[in-house]
Amino acid sequence: MPKASAVSVLIVDDQQSMRGICKYILTQLGFKDIIEAKSGRDALGKLEKGNVDLIISDWNMEDIDGLTLLKVIRKHPRTQAMPFIMATGRSDKEQVKEAISHGVNNYIIKPFDASTMKKRIEAVIGALS
29 MPKASAVSVL
39 IVDDQQSMRG
49 ICKYILTQLG
59 FKDIIEAKSG
69 RDALGKLEKG
79 NVDLIISDWN
89 MEDIDGLTLL
99 KVIRKHPRTQ
109 AMPFIMATGR
119 SDKEQVKEAI
129 SHGVNNYIIK
139 PFDASTMKKR
149 IEAVIGALS
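If you want my numbering, it's the 1-based position in the sequence shown plus 28.
No wet-lab data here; the hints were simulated from the structure.
Fair warning: there could be bad hints in the mix.
[To be verified] List of simulated lysine-lysine pairs, BS3-like, C-alpha gap at most 25 angstroms: (1) Lys121 / Lys77; (2) Lys60 / Lys121; (3) Lys125 / Lys138; (4) Lys77 / Lys103; (5) Lys66 / Lys99; (6) Lys51 / Lys31; (7) Lys66 / Lys77; (8) Lys121 / Lys138; (9) Lys31 / Lys147; (10) Lys74 / Lys99; (11) Lys103 / Lys74; (12) Lys146 / Lys66; (13) Lys125 / Lys99; (14) Lys125 / Lys146; (15) Lys125 / Lys103; (16) Lys74 / Lys31.
All values reported here derive from a predicted model rather than from experimental measurement.
Please build the complete structure, drawing on both the sequences and the hints.
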C-alpha cells in the first residue's frame with residue numbers, strides 16, 4: 029500500500045481554481061508532494077526536470093490538451109508507465125474510449141469530491157495507507 033505522503037502528484041489544469049480544488053482534496057487525502065502545471069506544455073517542462081508518481085490532467089486546455097499530453101507521455105520510455113488520470117467536465121463515452129485507447133489509467137468527471145478522487149487514485153496506484 030502506498031503512503032499518500034510518499035506519492036508525488038502532478039496536477040495539470042489551465043484553470044487556477046481547479047488546480048486549487050484538486051490540491052486541496054489531495055492534501056485532505058494525505059498527499060504532500062503536489063506539483064502544479066498550468067498547461068500541457070508546462071507539465072512537459074516539469075516532467076523534464078524529474079519524475080512524478082501520478083499525473084492528474086484536465087482534458088480541455090489551451091496549447092497542449094490532456095489527450096495530447098497523454099500521447100506524448102506514453103511515447104517516451106521514461107514516462108510511458110506513469111499513472112495518468114484524466115479529468116473532464118463531460119462524460120462523453122467516445123472521449124473516454126479515445127483516452128483509454130491511448131493508455132489513460134483512469135478518468136474522473138468534474139466536479140468531483142474527495143471520496144471520488146480517492147477511489148480513482150486507488151484504482152490506479154493501489155489502496156492508500
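So which of the earlier hints does this model not fit?
Hints 1, 2 are the ones this structure does not satisfy, whereas the remaining hints hold.
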